[in-house]
Amino acid sequence: MTQPRVVLAEDLTLLRDGLVRLFSDHGFDVVAAVENGPTLVRELLALRPDVAVVDVRLPPSYTDEGLRAALAARRQIPGLPVLVLSQYVEQLYARELLADGQGGIGYLLKDRVSNIGQFMEAVHRVAAGGTALDQTVVAKLLGSRRRPLERLSPREREVLAHMAQGRSNAAIAAAMVVTDKAVGKHITSIFTKLDLQPSEDDNRRVLAVLAYLEG
Amino acid sequence: MVGMTLSLSSTAPRMSRAWVVLEASGAAAVCGITWLAWSLSGRGYFWPRWVWFGVATALTAEFLVRTVLGVRPGRRRWLASGRAASGLLAAVDVVVWLLSGGGFFWPMFIIVPLAGAVGAHTWIVGRLPNEREEELTERVGTLARSRQVALDGQAAELKRVERDLHDGTQARIVSLALTLGMAEDVIHKDPQAAARLLGEARSTASGALDDLRAVMQRIHPAVLSDRGLVPAVRALALDLALPVTVTGEFPPGLPPPVQSALYFAIAECLANVVKHSHATVAGVTFGADGSDLTVVVSDDGVGGADLTRGTGMRGIIHRLETVDARLDVASPRGGPTRATITLPATGSARSGTTEGVEREQ
Chain R
725 MTQPRVVLAE DLTLLRDGLV RLFSDHGFDV VAAVENGPTL VRELLALRPD VAVVDVRLPP
785 SYTDEGLRAA LAARRQIPGL PVLVLSQYVE QLYARELLAD GQGGIGYLLK DRVSNIGQFM
845 EAVHRVAAGG TALDQTVVAK LLGSRRRPLE RLSPREREVL AHMAQGRSNA AIAAAMVVTD
905 KAVGKHITSI FTKLDLQPSE DDNRRVLAVL AYLEG
Chain G
76 MVGMTLSLSS TAPRMSRAWV VLEASGAAAV CGITWLAWSL SGRGYFWPRW VWFGVATALT
136 AEFLVRTVLG VRPGRRRWLA SGRAASGLLA AVDVVVWLLS GGGFFWPMFI IVPLAGAVGA
196 HTWIVGRLPN EREEELTERV GTLARSRQVA LDGQAAELKR VERDLHDGTQ ARIVSLALTL
256 GMAEDVIHKD PQAAARLLGE ARSTASGALD DLRAVMQRIH PAVLSDRGLV PAVRALALDL
316 ALPVTVTGEF PPGLPPPVQS ALYFAIAECL ANVVKHSHAT VAGVTFGADG SDLTVVVSDD
376 GVGGADLTRG TGMRGIIHRL ETVDARLDVA SPRGGPTRAT ITLPATGSAR SGTTEGVERE
436 Q
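In the order they appear, the protein sequences are chains R and G.
My numbering runs 724 ahead of the 1-based position in the first sequence.
My numbering runs 75 ahead of the 1-based position in the second sequence.
Since the hints were derived computationally from the structure, they do not count as laboratory data.
The reader is advised that the hints may include incorrect statements.
[Said to hold, decoys possible] DSBU-like mimics (lysine-lysine), calculated; alpha carbons at most 35 Å apart, straight line:
hint, chain 1, residue 1, chain 2, residue 2
1, R, 864, G, 350
2, R, 834, R, 905
3, G, 264, G, 350
4, R, 917, G, 264
5, R, 834, G, 234
6, R, 864, R, 905
7, R, 834, R, 909
8, R, 834, G, 264
9, R, 864, G, 234
10, R, 864, R, 909
11, G, 350, R, 834
[Unchecked claim] Negatives, chain G to chain R, calculated, CB over 12 Å:
hint, residue
12, 96
13, 117
14, 129
15, 136
16, 192
17, 242
18, 269
19, 291
20, 300
21, 314
22, 327
23, 339
24, 358
25, 381
Glycine included, each C-beta is placed from N, C-alpha and C at the ideal position.
The following block holds chain G by itself, in its conformation from the complex:
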C-alpha cells in the first residue's frame, strides 16, 4: 500500500537540498547519540531501536504528507491521504510487532480492516464518474488543438486577404491612378484621348470595387450580418446552379462566430454537392437532436464523398471545432450523401454566453 502511494510521488513538491541535508544529518545525529549513550551506559537492553524507529516514522510521515500534497486536490487527494495514513499505520504496527519480539501476529487486526477500507475507497474512486474526467481531458485536448488550428487558420486567412487585396484591389487602384495621371497629362492637348482614358479609369474603379466586394464576401457575407444564418443560407441557395430547399429554423441569438463557422461549413458542403455529387436536388435542414442543434445538408447524388479530400473541407472541420461543432458525413457509394453538422448544447459556443441566455427566453 505504501508502494501505491509512492507511485504518486512524481508530482510531490520538491524539497530544497539544504533541508534534506539538514534533516538527514539531524536524524543521523540523533541515531548516533542514542547509540553512544547506550554503549556508554553499559550496553544492556538495546533501547535505541525505539528512538530510531521513532525517527524513521517521523521522516516517513513527512515524506508521505509531501507526497499527498502533490496530488491534485479533490477525490484523488483524499484517496492518496487515506492510502498514506493506512500504509504508515500498518507499517508502524508491523515494526512494533517485530521490535517487541514477534509472537502472535496481532497487527493483522489493524491491517486487515485498513486494507479493506482502502480497497473499498480505491474501488469507489475508480468506479465514480471517471467519464467526466475523461470527457474533460478530451475536451482540453480538443481545445488545445482547435486553438492552435484557429490561430494557424486565422494567420493563413489574413495572409490570403492581404494577397487578394494586394494583387487585386491595390493593383487596380494603382492602374487607376496611372490612367488618371495620363488623362490629366493630355487633357488640354487631346481632349478626346483624355475622355477615353477617363472612361477606362471608371471601369478600372468598378473592377477594383468588384475585387473588394469578393474579398469582403469571403471574410463575412453581408447578408449574414443583416439577416442571420438561415436567411443567409437561403440567399446562398438561390445563387446555386441546382435547386436547394432550405427548411427549418434555428433559435435566434447564436453568437456571430458560430453563425459564421456554420455558414461557411454549409457553403462548403453545398459547393461540394454542386462540384462532385451529380445531384439534381439538394436540401439544407435546420433542426435539433435533443438539445443539440443540427444542420443536415443532403443531396440525391452519387455519394462516395471523402472528408479527407480537399483542404477546403479540412479547414471547415477545424473551424467548426473552434466553436465546438462537428461534422459527420454519411456518403455510401451510389449515394445519397448526408452531411450533418452538430452544435452540442454543452459546447462553449452555446453555454455561458449572454447570447445563450437570450436564446432560452
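Bound conformation, chain R alone:
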C-alpha cells in the first residue's frame, strides 16, 4: 500500500514540526509543510496531495488565510480533501467549506489533534472523501436550527449529531455502545422523519444531513 501524501500548512514552527512528526509516524508521506497562504495554494495545485491539513490562520494576513487558500485550491481541483484546523470554529466557515457539496472536508478545533487516534481517523475519513466536522460545529448546527428536530427522539438526535460529524455506522455504534443494527434502525427512522432520501453511501448520507441542517 502506498503511503497517503499529505500537505501541511501551519505557521508556528513548533506545531508544524509536531504535525510533520505525527503524520510521518502514522504512515503518511509529508510532501510539503508550508507556512503561508499563497505557498499553500501553489503547493496544493502542483502536488495534488491525497489530503491537506491546514491551519485557518496563516500569514501574510493572519486572518482566515488558510481557509481561503483551501477554498481557492478546491475551486481548481474539485473535491481535493482538506482538513482545516482552527483555534475556534464558526458555523459560517463550515458552511463555506461544505458549500460545493463535494465532500472531502474536515473542520476541527486544533486541540482535537491531542486525541491522536480520533484525529488520525478523521484525517483518513477526509482523505477518503468523507467529512469530519467538529462536535462544536455540529452542536451549533443542531442548536440553532429551527427545523422540526423536535420530532426526533433524544436517542435519534444523538445519532444525528454523530452522523453530522461524519462518523460511520460502526463508529457511531462504538461511541454510543450499541450494535450496528440499532444505529442503522435509528438512521432509517431519522431519514424518514426528516423526509430525506436514504443512501447506502456513508459520505452522501452525511452530506444530505448537513445540507438539511444548514437549511
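Please build the complex by placing chain G on the supplied structure of chain R, with the hints as guidance.
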C-alpha cells in the same frame, strides 16, 4: 455698557499686587502734587480736576484692556472690545460735559450712535451660530464623560479578563501540571494508572483551551478581524436559537474599535431579543440615514424593553459613546422592538481618519 464689560472681568489676566500698589501710589502722587501746586499757586480755577480726570481715564482704559484680553479670542473678544471702547468714550464725554459746566447735553450725539452700534453688534453676535457653540460645548461634555467611562470600562474589562484567566485557564493548567507530575511519579510502578492520568491531563488541557477560547472570543471575536463587521454579525446570527435575517452592507474601512463597539452592541441587542422578547424572528439591517450609518435590530416580540435595565446594556451604550455612536430603542408594550444604532458622519470615529478617506474612495 461699562457694567456689561465688567461682568466679563472674572476671566481677566491677574495683575500682580506690586504693580497695583505702584500704579495706585503713582496715581495718588500725581493727584496730590497737582492739588498742592494748585493750592500754592493761589487757588484759582480748579484745573487739577482735568489732570485727575486724565489719570482716572488712563487707569480705566488699562483695566478695560486687561478685561478684554481675558475674553476668549474670536467673536466674543471683538464684541467685548467694542463694548469697552464705546463705554469708555461715552463715559469720557459725560465727564467732560460735567466738568465743563453742563448745559446742553451734547454727548448724546456720540452716546446714541455708539449705543446703537454696540446694540447691533451684541444682537448679531447673540444671533449668529450659537448652535455651533452649544454643539461644541455638548460634544466636549460627551467626550469628557465617555473618556472617563471608557477608562473605567477598560479597567473593569481587564479585571474581568484577569479573573477569567486566573479562575479558568490558570487553574486548569495548574491541575494539568499536577496530573502530569502524578503520572511521572507512577509511570514505572503502575503504567496503567499513568496512562489514566495522562488521559486526564489531555482532557484538562482541552478544558484550558476551551476557557482560553471563551476569553479570547469576549475580547475580540476572531471572525470580526477575519471578515469584518457584517460577516461577523452573520456568523453570530447563525449561532442563535431563533432565525435572524442579516441584510444590507456597510462601507468598508471602518476603524477596528468602531467595528468592535458595533459588534458587541448588536450582540447584546440580539441576546436581549433571545432572552426577553419572546420573538419568533429577528432582523439586523445595515444601512444609512442620510450620511449617517445605521444598524437596526428588530424583532416581532412583546416589546417593553427598558434600556436602563441590566448593566450589560448600559455598558454597551457607554462603549458606543466612545466611538460617537448612539443607541435609540423604540419598544412599545406589545411590541415590536426596534433598536437603532446610529454612527454619525460627523463623529470622530469616521472623520479625519485614514480609514475614513479609504471609505470614500
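Checked hints:
Straight-line distance between C-alpha atoms of residue 864/R and residue 350/G comes to about 18 Å, which keeps the hinted pair within the 35 Å bound. This hinted pair checks out: residue 834/R and residue 905/R have alpha carbons roughly 33 Å apart, not beyond 35 Å. Using a Cα cut-off of 35 Å, the hinted pair residue 264/G and residue 350/G is violated, with the two alpha carbons roughly 54 Å apart. About 54 Å separates the Cα atoms of residue 917/R and residue 264/G, which puts this hinted pair outside 35 Å; it is violated.
Distance check on the hinted pair: residue 834/R and residue 234/G sit about 28 Å apart at the alpha-carbon level, within 35 Å; holds. At most 35 Å may separate the alpha-carbon atoms for a hinted pair to count; residue 864/R and residue 905/R meet this at roughly 28 Å. The hinted pair formed by residue 834/R and residue 909/R meets the criterion: a straight-line CA distance of about 33 Å does not exceed 35 Å. At most 35 Å may separate the alpha-carbon atoms for a hinted pair to count; residue 834/R and residue 264/G meet this at roughly 33 Å.
For a cut-off of 35 Å, the pair hint linking residue 864/R to residue 234/G stands: about 30 Å separates their Cα positions. Distance check on the hinted pair: residue 864/R and residue 909/R sit about 25 Å apart at the alpha-carbon level, within 35 Å; holds. A hinted pair counts as satisfied when its Cα atoms are at most 35 Å apart, and residue 350/G with residue 834/R qualifies at roughly 32 Å. Distance to chain R confirms residue 96/G as a non-interface residue, since its nearest Cβ pair spans about 71 Å, more than 12 Å.
Under the 12 Å C-beta cut-off, the non-interface status given to residue 117/G relative to chain R holds; the minimum distance is some 100 Å. Non-interface call for residue 129/G relative to chain R: holds, since the shortest CB-CB distance, roughly 79 Å, exceeds 12 Å. The Cβ of residue 136/G lies farther than 12 Å from every Cβ of chain R, with a closest approach of about 69 Å, so its non-interface assignment holds. The Cβ of residue 192/G sits about 66 Å from the closest Cβ of chain R, beyond the 12 Å cut-off, so the non-interface label holds.
Separation of residue 242/G from chain R is adequate, the least Cβ-Cβ distance of about 20 Å exceeding the 12 Å criterion. Every CB of chain R is more than 12 Å from the CB of residue 269/G (nearest about 17 Å), matching its label as outside the interface. For residue 291/G, the condition that its CB be more than 12 Å from all CB atoms of chain R is violated, with the nearest at approximately 8 Å. Distance check on residue 300/G: its Cβ comes as close as 6 Å (rounded) to a Cβ of chain R, failing to clear the 12 Å threshold; non-interface status is violated.
Distance check for residue 314/G against chain R: the nearest CB is about 5 Å away, which does not clear 12 Å, and the non-interface claim fails. Remark: the non-interface label on residue 327/G is consistent with the geometry, its nearest Cβ contact in chain R lying 14 Å away (cut-off 12 Å). The Cβ of residue 339/G lies farther than 12 Å from every Cβ of chain R, with a closest approach of about 17 Å, so its non-interface assignment holds. Distance to chain R confirms residue 358/G as a non-interface residue, since its nearest Cβ pair spans about 15 Å, more than 12 Å.
Distance check for residue 381/G against chain R: the nearest CB is about 27 Å away, which clears 12 Å, and the non-interface claim stands.
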